[in-house]
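Line order of the protein sequences matches chains A, B, C and D. Okay, so the first sequence: first residue is 0 according to numbering that gives the first Met the number 0, each after it adds one. Okay, so the second sequence: first residue is 0 according to numbering that gives the first Met the number 0, each after it adds one. Okay, so the third sequence: first residue is 0 according to numbering that gives the first Met the number 0, each after it adds one. Okay, so the fourth sequence: first residue is 0 according to numbering that gives the first Met the number 0, each after it adds one.
What the hints contain is simulated information worked out from the structure, not anything from laboratory work. The reader is advised that the hints may include incorrect statements.
One copy or two, it doesn't matter: identical chains are merged, so the pair holds either way.
[Stated by the list, open to error] With a straight-line Cα cutoff of 20 Å, these simulated SDA-like cross-link-like pairs (lysine to any residue) come out:
hint	residue 1	residue 2
1	Lys68	Ala92
2	Lys267	Ala169
3	Lys267	Ala62
4	Lys267	Phe297
5	Lys147	Ala341
6	Lys267	Asn148
7	Lys4	Val125
8	Lys2	Ala295
9	Lys267	Leu170
10	Lys2	Val34
There are 4 protein chains.
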Amino acid sequence: MSKLKAGMIGGGGDGAFFGRVHERACALDGTRELVAGALRSSADASMEAAAVWGIQGYPDYQAMIDAWKSGDLELDYAIIVTPNNAHFGPAKACVEAGLPLVCEKPMTFTPGEAEELAALVKETNVPFVLAHTYTGHPMMMLAREMVKNGDIGEIRKVNSWYNQGWLATALEDEGLQQAQWRTDPSRTGISNCGGDIGTHAFIAATWVSGQPVTRVSARLNSFVPGRTLDDDFNVIAELGNGGTALIHATQIAMGYRNDNGFQVFGTKGSLEWHQEAAEKLLVRRGAHDETYWIGANFDFFPQSIASYLRVPAGHHEDFFEALANLHGTLERQIRRARGEDAPEPYAHPSVDEGVAGMNFVKAAVDSSANSGAWTDL
Amino acid sequence: MSKLKAGMIGGGGDGAFFGRVHERACALDGTRELVAGALRSSADASMEAAAVWGIQGYPDYQAMIDAWKSGDLELDYAIIVTPNNAHFGPAKACVEAGLPLVCEKPMTFTPGEAEELAALVKETNVPFVLAHTYTGHPMMMLAREMVKNGDIGEIRKVNSWYNQGWLATALEDEGLQQAQWRTDPSRTGISNCGGDIGTHAFIAATWVSGQPVTRVSARLNSFVPGRTLDDDFNVIAELGNGGTALIHATQIAMGYRNDNGFQVFGTKGSLEWHQEAAEKLLVRRGAHDETYWIGANFDFFPQSIASYLRVPAGHHEDFFEALANLHGTLERQIRRARGEDAPEPYAHPSVDEGVAGMNFVKAAVDSSANSGAWTDL
Amino acid sequence: MSKLKAGMIGGGGDGAFFGRVHERACALDGTRELVAGALRSSADASMEAAAVWGIQGYPDYQAMIDAWKSGDLELDYAIIVTPNNAHFGPAKACVEAGLPLVCEKPMTFTPGEAEELAALVKETNVPFVLAHTYTGHPMMMLAREMVKNGDIGEIRKVNSWYNQGWLATALEDEGLQQAQWRTDPSRTGISNCGGDIGTHAFIAATWVSGQPVTRVSARLNSFVPGRTLDDDFNVIAELGNGGTALIHATQIAMGYRNDNGFQVFGTKGSLEWHQEAAEKLLVRRGAHDETYWIGANFDFFPQSIASYLRVPAGHHEDFFEALANLHGTLERQIRRARGEDAPEPYAHPSVDEGVAGMNFVKAAVDSSANSGAWTDL
Amino acid sequence: MSKLKAGMIGGGGDGAFFGRVHERACALDGTRELVAGALRSSADASMEAAAVWGIQGYPDYQAMIDAWKSGDLELDYAIIVTPNNAHFGPAKACVEAGLPLVCEKPMTFTPGEAEELAALVKETNVPFVLAHTYTGHPMMMLAREMVKNGDIGEIRKVNSWYNQGWLATALEDEGLQQAQWRTDPSRTGISNCGGDIGTHAFIAATWVSGQPVTRVSARLNSFVPGRTLDDDFNVIAELGNGGTALIHATQIAMGYRNDNGFQVFGTKGSLEWHQEAAEKLLVRRGAHDETYWIGANFDFFPQSIASYLRVPAGHHEDFFEALANLHGTLERQIRRARGEDAPEPYAHPSVDEGVAGMNFVKAAVDSSANSGAWTDL
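So here's chain A without its partners, still in its complex pose (with noise of 0.2 Å):
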């Protein structure tokens, strides 16, 4: 079985070292490799990271997907890391060359971009993932599914968060690239905080208790002194079958790396996990506490998990591995279309969830302005 060639759409900024951490995913598994690029926004920019990074250059995505149809360039797949505010283009010209794509979250710079680019996909069927990381950690995949087959009951509440405290200060004042586009609306849209991780929160509270957020009351701050965007996202959110989620997000937490998790509480039991305590899931349904560790050899995992496990338990997985399950999705999308042996992909995120995600952060920024006032998606 031969790999998979992947093309990457941005990434190669000096500070975008999500480019980098794309690659490694890609290749982690052995099936896939990165093979061209168009790194940067500028065509010789591109070129050179091209060049540093050892493999085949474009000035620019068009260009690559054009060598792509006219058969110059072997490709399987894109993925798009450009800054928010690119990535409408490039996914839409993708997707109408039918190129599948893993694309970086938040799926567009504005909500009716998502819109379209969601109706094209579904009207193409083109293979394309939403790169929520952590919805690729089987522990996370392993609540979903204990939340879908009823183990612990109907969802009453969730509480889901994600602090950060390495924006508690102005360091987009000292010249730090992450900072500086993050904190800017023109490239970043109208959230900082909550499209940067409000989002995963957002994600953890709706992909794993498998409900909507219908309607939002929000709190927006934005602490430190020359912002205008909010770095501080509090929301009071109702779920589709009347229950509640806190969602939460702050990047002044100082000393907070990446604090992303969540509470499921069920009619019948609880859920809990920490991302920066991957490898297990912890489950509370009365006498005494059970936490679930990642491991290929553990029976609890359905097969749609198991498939992805790569290693027996004591060995974690972790944040590259993550990234890997989405791209392996990708990979398995592409290969049964085409014939190929492959086991069937999880329900990773994809443009459902990428325009759920554009009218949430959207709805609290409306809320937030309006006095908190409850706002629907």
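Chain A is already provided as a structure; the job is to place chains B, C and D on it using the hints.
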């Protein structure tokens, strides 16, 4: 130095385990002892319970106070452990009689009663400690001191919570007394979850941070069918300095016990504490995390806290010791008022915190009823 | 039911903080109280200390026992908190006089004394509890019950340890009394680290597993210059059923406080417990880990343990409560001997465990001196 | 910079999951790739397996080496993943041919082979990395650096362990290949538990502490009926500087996965690390505990380690990344030898550690057979 003698009001019912907790907190240090009580609401039951406990019984609290006033009974302070709706009467009677007291929280049944009692206490200067047990935990006291000293800078955000699961099913229908009075508006007031445990999260947010809550936007839920009062309580609050606090509590978190805790995010660092791991305080200031442990031998405790510690590090003082510290604070106040030698009492919660707590719950109930509108305290 | 009255022997020195710990453990439940004491080795100091403590003083333990025998002093039991070399005298005197007692560990100064005392206790049937405080922790009791019930099968291996750091420097040269008597052979006996804390690891290995140690191979070290006794203690032991126990303790583990704990590996499962997180017991049987928590409401506690629990789950009973449980066991023995109503006392350590502990330390010292040769107990 | 090309020897069997692990560790960084293999012991199976893996197959390792020597195959290094008894042959052949290699541990089947191979590697200077995967964990590397820098003073004691439970029952009788070769003396050598996982505890004790083990007193057990080799391994060791190390491992710890870890106690502080929480290092120096986390952004990493880190803090690099770091060390050696630009390789285990590990296991086996007599390495 002779032992202080205490008389208990309430606490003798079958389901009222907290009377026994106060008895132990009173006795622990060997400097105080429980000698008398009006333990039940009916005279006969009261006398019977006292006989079982091996203390001097009284048919009602007034009789006990009268016995003390007349010199028939030696008494140094009272402990009020009645249901919420029966705090005000005996508390007022004690204060008017000049008898110091430890009073269970919430301080009264209504904000009006709270204001009246607070005014009386301030006028008379009778020692009064509000039994917010967790504030007796030395690591929570240390958190408060670190904030006061500016160790973590200006407070921007607090996340404080209290997750319980014991009311996830309708135990009140199965005859459990603790569940019955808590879910009964006539005995528990306008809020069940908010008043019972939301107030603990509130104290964490305000007493530790040193910031009052000025207004709130709230969402209360009654998840278990048949309940009129909230069993789930979510508040976004504004702090006095413009910061934000998430204050949330729930009683439907299946399998959670007393998961109370807080995170305080300041401009120079962060604090995190969990009641179920009360022996440590997590401090984050940058490069590496710091964990502070309880222990009489540690220099990082200011004398105001060190004077409460009973043993060197590695042997944890926990729940009973925390409540004993509140009794100890009252003891110090009493002894110093008499000119006896005693260390300075710590600034544990008293009537101001009691009033604030009542107003907080009232504002939250109102806000929730008013679609989450921001509501002043 | 009237309170039991206790008299303390030793424990009144400036550096002898454990006297105050026993005082609190005695008082905690409100059913026992400390009323008298011969707290120091000199008569004057003894009388002075008692005055400070507010109890009836005696110049020496014999005088206190005599006062009780003559009816001048009401007393129900004694608490022996003298240095190691002064346990035997008062313990023997108490037993001969028929006074029940809680005796600090190690039980005596020499194995010979231990044998003699044990024989006397068995002959007279005087209630005797050896103050192995940690065995009073309900989760350690639960571990023992689970082994007894066969829940984890036949025991193959135990790993038990005690890491402390407080003697990593020569505090005895800086005048610290606790360090001085512990490192002084004339007061502490043939082993410092082994006798003081190795015995805790020994109790975990034997009392929990239900298996005696039959022989040992040991390596003792004196790391801190100037010491003649061990400050590091390592034993490989054979258990009665052919299993193996690693029993190790050290006082030079910089920054470690009272890191005592054990792992018990059986043919059907494993148990793990840490004194510094005494509120939980970790059980591993296969697919997922199980964590059991302390709490009066949990059905998994047999009545023999449940009868000791004071509060529902989520409010932890810790160090003082554990020691109070040992006082409680003595109290139950005393009350039942008198025909009073009291729950069945738990099988907490007594003279057999005391003798075994003395023999264990002796065998370890001998083995180490003999190049680790396997040495019978 | 072109990718290094690797050829794998062994690792293709059904039960040999570690071949796939090395494949991923090779591929992860996008700078190395697996291109060829002699994956099984029979020629046919070897060719078949290679076809499945999608790489160039060879009937045996010599054929692969010959193809490289003759220029038919581009190759930069070999990866040896054969059973223990088949390391020496291919390793020697690679070194003699001048092909760098990553070799699984234990390095050889006998100490004699180890000495011979080590001499050859030193003579030829062929890059050689011993695949002690855990030493690739950055926090274990940091521990070693802190010791080297004197941060925790002179080493007094090490406690290192490895608890597994997967061999608590006779899986070898149920046809599990992994269990069969490990418990078979003809394939695994003189020790099962000691050789397989005791060596990990040994590396922790010596590589991190910087102290060799000079002699040992050991007790090995075969708990599961029917086994001739040890499944439980306990060693008290003397370190080069006079310190003591407890080095213990077991395969019968029901429910334990890969609980490997160490505590290092020095005169100025202590270090503690757990493989199953590899992302953090616990440092104790006094007042409060310090927890160091993995993260490319942390200044406390010296450049020698920082150059291995792939992402900022909060996204953990774990098992595959650790092994990839060892491949990375070999890659750096190879590239620098060619004059290519590459960061300095870290001092990961190589032949000296391999020889020491073999001698350690031999001495432990001998000591145990000789009633625990102290035995020189």
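(request) Indicate which option fits the pair Lys2, Ala295 if close means a Cα-Cα distance not exceeding 20 Å: within, between, both or neither. (result) neither (23 Å within a copy, 30 Å between copies)
(message) When Cα atoms must be at most 20 Å apart, do Lys267 and Ala169 count as within-copy, between-copy, both, or neither?
(response) Between copies only: 13 Å across chains, 45 Å inside a chain, cut-off 20 Å.
(message) Treating 20 Å as the Cα threshold, decide for Lys68 and Ala92: within, between, both or neither.
(response) Within one copy only: 12 Å inside, 47 Å across.
(request) If the cutoff is 20 Å on CA atoms, where do Lys267 and Phe297 land: within, between, both or neither? Let me know, please. (result) Close across copies (17 Å), not inside one copy (23 Å); limit 20 Å.
(message) Checking an output row: Lys4 and Val125, CA cutoff 20 Å. Within, between, both or neither?
(response) Within one copy, since 16 Å is at most 20 Å while 34 Å is not.
(message) Please sort Lys267 with Asn148 into within, between, both or neither, judging by C-alpha distance up to 20 Å.
(response) Within. Shortest intra-copy distance 12 Å satisfies the 20 Å Cα cut-off; inter-copy 29 Å does not.
(request) Pop the pair Lys147 and Ala341 into one bin, within, between, both or neither, using alpha-carbon distances up to 20 Å. (result) neither (24 Å within a copy, 49 Å between copies)
(message) One pair to classify: Lys2 and Val34, alpha carbons no more than 20 Å apart. Within, between, both, or neither?
(response) Classified as both; 11 Å inside a copy, 12 Å across copies.
(request) Can you give me the call for Lys267 and Ala62, within, between, both or neither, at a CA distance of at most 20 Å? (result) neither (54 Å within a copy, 48 Å between copies)
(request) Have a look at Lys267 and Leu170 and pick one of within, between, both or neither, based on CA distance no larger than 20 Å. (result) Answer is between; shortest inter-copy Cα gap is 15 Å, intra-copy 45 Å.
Taken one by one, the earlier hints fail for this structure at numbers 3, 5 and 8, listed in ascending order.
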